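Visitor: The task is to assemble the complex, starting from two chains supplied on their own in separate frames and drawing on the hints.
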Amino acid sequence: MRHPAQHTVSVAGSREGLGRVTEEFERFSSTHGLPDPVRRSIQVVLDELLSNTVRCGGEGGRQVRIDVDFLLEPHALRVEIVDDGTPFNPLERESPDTSLPLEKRPVGGLGVMLVRHLVDEIAWYGEGGGNRVRLCKRLDA
Amino acid sequence: MKMSDDQRGDVLIVRPEGRIDTTTSEELERWVAARLDGGTRRLVVDMSAVDYISSAGLRVFLMTVKKLRGSGGQFVLGGLNTSVRQIFELAGFLSIFAVETDVDRAVARAAGAAGGA
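Just so you know, the sequences run in chain order A and B. Going by our numbering, the first sequence opens with residue 16, and the numbers climb by one from there. Going by our numbering, the second sequence opens with residue 105, and the numbers climb by one from there.
Hints were generated in silico from the structure; no laboratory data involved. Just so you know, these numbers come straight off a predicted model, no measurement behind them. Please note: incorrect hints may appear among the correct ones.
What the hints assert, rightly or not - The calculated lysine-lysine pairs, modelled on DSS-like cross-linking and capped at a C-alpha distance of 25 angstroms, are:
| id | chain 1 | residue 1 | chain 2 | residue 2 |
| --- | --- | --- | --- | --- |
| 1 | B | Lys171 | B | Lys106 |
| 2 | B | Lys106 | A | Lys119 |
| 3 | A | Lys119 | B | Lys171 |
In isolation and in its complexed conformation, chain B is listed as follows (with noise of 0.2 angstroms):
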């Protein structure tokens, strides 16, 4: 799986491309556990060029939530497709995840003070 940084004034944006899967999950995981661990607080995942996401996806990014929300950050993602957004809404993510149509929107979120992670 590819992935890229892209630093926007305090809010950290990753961008993974392809499928999050059981194959690259803990790719991921590792990805952004390493972002966590160096202190990034605000974080924005571009899933514009995510093709699709099965449960093991679901489970970084809920943990990622976790440990975002204990220590007071923001985690947004932006620019799902159908499919990925399907997947979020069936699994009941939409409800405890901030969740935005682009990733400007994603980062203008994430950089607001207001709200939680």
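For reference, chain A alone in the conformation it holds in the complex (with noise of 0.2 angstroms):
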């Protein structure tokens, strides 16, 4: 593994634009060896957050852009998430009762809680008209 590496991807909030940031994360993991559980742990946070953004990120129907940026370090990954779209911290949603039986679960509301639980450090920071989410992930996690 080559240390430091850095990759930024700049999309439109949608789907293509979804589609793009996860292929462009699968090619920069094979490029610097990430181990599989970190790679795939990204991918579904990636996919988590990137994905209420597309859903619900610009007021009035507007297209957000988001750009995201990978930092590969010695012992972590860390990735941070820009996007222009509607302030809103994703964090503050409450995470659904995985306990329940099946006939009163939920479809859906699960992402935020996956996202908590993936990553070892998460913040959120709303400025000037859109969001920051910054995150890392341990590499011997």
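Guide: What follows is the structure, given as structure tokens:
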């Protein structure tokens, strides 16, 4: 593994944009030999956070811009996601009750709970009409 | 996303390959729904070629198990890798889904008369 390695992807807040982030992170992981559990966890986290932004990101149907920055350090991967959508802290969303029986399970609402469990650190900053999410995943986790 | 079917007796095995996320989950949903509409009541999903799954994919499985359980069917998952299994565990899905280590066990469980979906 080579350190440090950095890569930025800028996409439109659309399904196609989300697909491009997935592909580029897949390439970044392969180039730098990221462990599978780390690569998969971050792919899930990106899917949860970015699909949320694509779904509800811009007011009045305006398409947002999303920049995703990957920074690989010797012992951790840092990811920063910046968008110009409506400020919204996804981490404030209440986690669903995962002990409910099948018939009472809501379909959805699990995404943010997964994100919290799959990363070691995560923080949200609302700023100047947009959002910034910073997260960190240890490589040995 | 690549998908294939394999019929073993009255158990249908669906085998998705790659990632199950926001981009691919609708395809999986349509694939499974078409088979349920076609009369499949014993369904196994072979997860051994699935790299990872996000909540968009969990949603498809949750709807599938609800449908099958409602009609007295069987739904069993087999061959989950450690990352996929971790997601199921975090979501509390291991307590509501029938999950087996490999597809042969999953088929045997789905073919058996006892137990729920």
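Visitor: If a hint holds in the structure, say so; if it does not, say that too.
Guide: Do the hints match the structure? See the list:
{"no.": "1", "hint": "Lys171/B / Lys106/B", "in the structure": "holds, 24 angstroms"}
{"no.": "2", "hint": "Lys106/B / Lys119/A", "in the structure": "violated, 32 angstroms"}
{"no.": "3", "hint": "Lys119/A / Lys171/B", "in the structure": "holds, 14 angstroms"}
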